[in-house]
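Trainee: Below are the chains, spelled out letter by letter.
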Amino acid sequence: MRKIAVLTVVAFCTAMLFSSLALAARKTIIKIGINAPLTGDIPKVGEGTKYAAQMWLEDIEKAGGLEVGGKKYEVELVIEDNESKAESAVKANTKMITQDDVLAIVGPQSSKQAVPAGEVANKYKTVMISPWSTNPSTTLDRPYVFRGCFLDPFQGPVVANFITEEFGFTKAAVLYDVASDYPKGLAEVFKQAWEEKHGPGSVVAYESFTTKDTDFSSQLTKIVKSGAQVLFTPQYYNEVPLIVSQAKDLGWTGPIVGSDSWGSAETIELCGEDCYGLFFSSHYAAAGAKGATKAFIDRYEKTYGYIPDDVAALTWDALRLAQQAIQDTGKLTGKIEKDREAVRDALARIKDFDGITGKMTFTEEGDPIKCAVIVKINNQGEYEFYGSSCP
Amino acid sequence: MGIVKKFQQMFSTVPMLGWFLGILTAVLIEYFWGYDYISYYLGLPKIPVLFGALIMLKEPLMIPGALAYDLIVYVIPVLAVAKLTSPFTNQGAALLEKLPLWLSAVLHLVFLYAVLHLWAGINDYRVLIVKLTLISIILTVSINVINGYQGEFSCSHPGFMALGAYVSSILTLVLFTNDKIFGTALLPPALAPYCFPIVLVIGGAAAAVGSLAVAIPSFRTRGDYLAIISLAFMFIVKSAIENLHIIGGARGMGGQPDLAPLPVIFIWTTLCIWIIHNFVTSIFGKALNTVRDDEAAAESMTIKTRKTKMTAFMFGAFWAGVAGGLFAHVLTYINPGMFSINRLAEILAMVYFGGLNSIVGSIVGAVSINVLGEALRPLELFKWIIIPLILIFVMIFRPYGLISFTEINTKKLLEAKKHKTKQGVSS
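Here the protein sequences line up with chains X and Z, keeping their order. Each step along the first sequence adds one to the number in the working numbering, with nothing skipped, and position 98 is 98. Each step along the second sequence adds one to the number in the working numbering, with nothing skipped, and position 247 is 1247.
You may find that some hints are simply not true.
[Said to hold, decoys possible] Simulated crosslink set (SDA-like; lysine to any residue; CA at most 20 Å straight-line):
(1) Z:K1046 to X:K44
(2) Z:K1180 to X:P136
(3) X:K31 to Z:E1059
(4) X:K125 to Z:D1258
(5) X:K31 to Z:V1049
(6) X:K191 to Z:L1244
(7) Z:K1046 to X:E74
(8) Z:K1383 to X:V78
(9) Z:K1058 to X:Y51
(10) Z:K1058 to X:I29
(11) Z:K1383 to X:D41
(12) X:K212 to Z:E1059
(13) X:K27 to Z:K1046
(14) Z:K1180 to X:D141
(15) X:K125 to Z:P1257
(16) X:K50 to Z:L1057
(17) X:K248 to X:N379
(18) X:K335 to Z:N1123
(19) X:K123 to Z:N1123
(20) X:K27 to Z:Y1041
(21) X:K335 to Z:Y1040
(22) X:K123 to Z:Y1037
(23) X:K44 to Z:F1382
(24) X:K191 to Z:H1245
(25) X:K72 to X:K248
(26) X:K212 to Z:E1346
(27) X:K27 to Z:I1038
(28) X:K335 to Z:D1179
(29) X:K27 to Z:E1059
(30) X:K123 to Z:D1179
(31) X:K50 to Z:V1049
[As the list claims (entries may be wrong)] These stretches of chain Z come out as covered by chain X in the derived footprint (C-beta under 8 Å, 3 or more residues):
(32) 1244-1255
(33) 1378-1386
If you are wondering where the hints come from, they were derived from the structure by calculation, not from laboratory data. Glycine residues also receive a C-beta, built at the ideal position from the N, C-alpha and C atoms.
Generate coordinates for the entire structure from the input sequences, incorporating the hints supplied.
Mentor: Below, the structure written as structure tokens:
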């Protein structure tokens, strides 16, 4: 009995002595949450998000903190892994909002996490900016949820128009993942836009597969036989190289066109020369960029060793938007609920924000009005600006 | 070793009621002084949410503070109150013993819920974790009926869960919400909480009917064949939902009303545990075990093996459906990708980690995998090395799981512990 009592007291005292931060006063720290897929299906996306966020934090720290209304506040990033799973993204958001008291959240990137996570952010009245989610329901009827990119209903027609004007084709094939929200949505929008232009039946092959499939030969054989002139495949970086090389093996000679999900640095790493000369629509083009965009790309490449993809650039813009909104509030009260509301109002008011992925102004729904870029993969494997299309 | 034994002896006189009282004190201390005083003076930014696990892994400097917090708020009050009040709580427990067992159990459960509610209420993140853990308990206990008591290897639990989740979501969306897909609400939304149990039961029933699709063709076979058929069933359900555009397809279905607050889930979980406990300890459960151990012998003892297996399978599927319905209404969003191979791995890990053929084991498995998964969150990728490693070690040293082949003895659990010390015998 005594032994136990003594042990407890000793343990307690040591703990007290060593808690070096004891008696430190609580101060207002601006916390920004990052909800990213660091593990799971698309870790490269998570990595880009994290790196861009760390670069942003570096800038803030160099400036000695974030200045709001004449007072400098310390800034902290809370980076949470959503494992590329919906319920994990919900947990991460709940944790960041209720436990870490974040002022705003950047992420999640994919729509399948951003849609349920947005519900949580909206419920707790916390600003969430999803840099990359293109599903309309992410921001629909949610005043606290914003996004940093254009939507599928805009991107689909952009690609359809580009193919028509560039090549003059009339017959297209589509290959997409039926089990994944983003490719499926975009495939549908593209088909609709294409058929509006070229009449019903002009999408001669509309083939699907399921997430984690690696053999597309049966679908591609059908596409090759269908007489399509162009193949549109809105897939992620892990599938694009497989689709492209398998299509070439099966005798496909026409162009293959993709969407912004191709924009990862990994696509060209895995695909190699097979992908040279192909086109995709995206948010920005790394090769031949100017001004702030170029500065960002150079700095990112110098620090992390590769050219940033669109996810990193969009995350950077989302963080800068959050920063702008926080500064626009003019004053932080230290009461988190009030500050969150002020940040939301300030964010909705932002006009012509000059981001590295283009100028942005938010609509009522929290979606930005911005231009899409057509990127060509050149013969050095770089993503080169080819043209742009604005709403 | 000596200390551990002494420790055990010292607290062997504390009845369940005493532990509850101790935990209640700890929770009250946290509730009233946790944020303003204790965590403040220890230099913690906030009340540590999962006993400080998250903050300790993120900032090693906080380890002493978090440990001190755990000591001050949890360990010392729980032990001290439990020990000091044991004369009174034993009297109380003795009084409760005179009541019918069910009443005493219900009273204890109410007490348990009160403590849980207070603890979780401090932070909504805790509430969410507790909710998802309770749902995991339903899933694990129900798959234990099939994989443990029945001795089969079924892989279709995520499929049953999906059926339950989708059916109940469609019902609540059609009946109680103004939805884009299904139009205006048919019934006033105020009725929703009262009709929710019926909705859940219908969801469960849908899963049970779906399970017949696995049961009828496969119970002529055993072992691996059932595993393959049930795995196929899971993929069929997932693909079917993905291709049904009316319910959202791969894009998922959102906007369910939030009908599953903590008390509702707690009641369903206790109901599930109670009913499954009665099921497996009944004659039917014994028959199920017999069928598992030797089908031919069971048949010769006049057990209808086929009917036994089918009933148990449908029963397990029913609860998986209920769990799916609750899950859908906690997240208020579902997509078919949630009910895939990842979920299966999680459920199987929970049941085999905890222990086959044991409800206590299932609860332990579900709670530990869930809490570990959350507590190790800051480790990111390494989390996925540590948890599987723990599983591997459990499988090597305890092939049937941590607590297997043991049953709850409610009476013994709740009884007063006074007389033991008088006899001076420690068990």
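Trainee: Next, verify each hint and record whether it holds.
Mentor: Outcome of the hint check:
Restraint check for K1046 of chain Z and K44 of chain X: the C-alpha separation of about 32 Å exceeds 20 Å, so the hint is violated. Annotation: proposed proximity of K1180 of chain Z to P136 of chain X holds, straight-line Cα distance about 14 Å (limit 20 Å). Distance hint between K31 of chain X and E1059 of chain Z is fulfilled; the C-alpha atoms sit about 16 Å from each other, no more than 20 Å. Using a Cα cut-off of 20 Å, the hinted pair K125 of chain X and D1258 of chain Z holds, with the two alpha carbons roughly 17 Å apart.
Simply put, K31 of chain X and V1049 of chain Z have alpha-carbon atoms about 17 Å apart, close enough for the 20 Å limit, and the pair holds. Proximity of K191 of chain X to L1244 of chain Z is assessed by CA-CA distance (about 18 Å); at most 20 Å being required, the pair is judged to hold. Our distance criterion of 20 Å between C-alpha atoms is met by K1046 of chain Z and E74 of chain X, whose separation comes to about 17 Å. This hinted pair checks out: K1383 of chain Z and V78 of chain X have alpha carbons roughly 18 Å apart, not beyond 20 Å.
Among the hinted pairs, K1058 of chain Z with Y51 of chain X is consistent with the structure: their alpha-carbon atoms are about 18 Å apart, no more than 20 Å. Between K1058 of chain Z and I29 of chain X the CA atoms are separated by roughly 17 Å; this keeps the pair inside 20 Å, and the hint holds. As the CA atoms of K1383 of chain Z and D41 of chain X are separated by approximately 16 Å, the hinted pair is consistent with the 20 Å bound. Proximity of K212 of chain X to E1059 of chain Z is assessed by CA-CA distance (about 37 Å); at most 20 Å being required, the pair is judged violated.
Restraint check: the Cα-Cα separation between K27 of chain X and K1046 of chain Z comes to about 12 Å, which is no more than 20 Å; the hinted pair holds. Distance hint between K1180 of chain Z and D141 of chain X is fulfilled; the C-alpha atoms sit about 12 Å from each other, no more than 20 Å. A hinted pair counts as satisfied when its Cα atoms are at most 20 Å apart, and K125 of chain X with P1257 of chain Z qualifies at roughly 18 Å. Between the alpha carbons of K50 of chain X and L1057 of chain Z the distance comes to roughly 19 Å, so the proposed pair stays at or under 20 Å and holds.
A C-alpha spacing of about 17 Å is found between K248 of chain X and N379 of chain X, which places the hinted pair at or below 20 Å, so the restraint holds. With a C-alpha separation of about 17 Å, the suggested pairing of K335 of chain X with N1123 of chain Z holds against the 20 Å cut-off. Pair hint K123 of chain X plus N1123 of chain Z holds up; C-alpha atoms about 15 Å apart against a cutoff of 20 Å. Taking the CA atoms of K27 of chain X and Y1041 of chain Z, the gap is near 14 Å; set against the 20 Å cutoff, the hint holds.
This hinted pair checks out: K335 of chain X and Y1040 of chain Z have alpha carbons roughly 17 Å apart, not beyond 20 Å. Taking the CA atoms of K123 of chain X and Y1037 of chain Z, the gap is about 29 Å. The hint is violated against a cut of 20 Å. Under the criterion of a C-alpha separation no larger than 20 Å, the hint pairing K44 of chain X with F1382 of chain Z is consistent with the structure, at around 17 Å. Our distance criterion of 20 Å between C-alpha atoms is met by K191 of chain X and H1245 of chain Z, whose separation comes to about 16 Å.
Between K72 of chain X and K248 of chain X, the direct Cα distance comes to roughly 57 Å. Violation of the 20 Å bound is thereby established for this hinted pair. Pair hint K212 of chain X plus E1346 of chain Z holds up; C-alpha atoms about 19 Å apart against a cutoff of 20 Å. Taking the CA atoms of K27 of chain X and I1038 of chain Z, the gap is about 17 Å. The hint holds against a cut of 20 Å. Distance check on the hinted pair: K335 of chain X and D1179 of chain Z sit about 35 Å apart at the alpha-carbon level, beyond 20 Å; violated.
Taken as a hint, the K27 of chain X and E1059 of chain Z pair is honoured in the structure, with Cα atoms around 18 Å apart against an allowance of 20 Å. Proximity of K123 of chain X to D1179 of chain Z is assessed by CA-CA distance (about 18 Å); at most 20 Å being required, the pair is judged to hold. With a C-alpha separation of about 24 Å, the suggested pair K50 of chain X and V1049 of chain Z falls outside the 20 Å cut-off, and the hint is violated. Look at the region 1244-1255 of chain Z against chain X: 5 of its residues bring a Cβ nearer than 8 Å to a Cβ of that chain, three or more, so the hint holds.
For a cut-off of 8 Å, the count of residues in the region 1378-1386 of chain Z with a CB near a CB of chain X stands at 4, and the three-residue condition holds.
The structure does not agree with the numbered hints 1, 12, 22, 25, 28, 31 stated previously, though it agrees with the rest.
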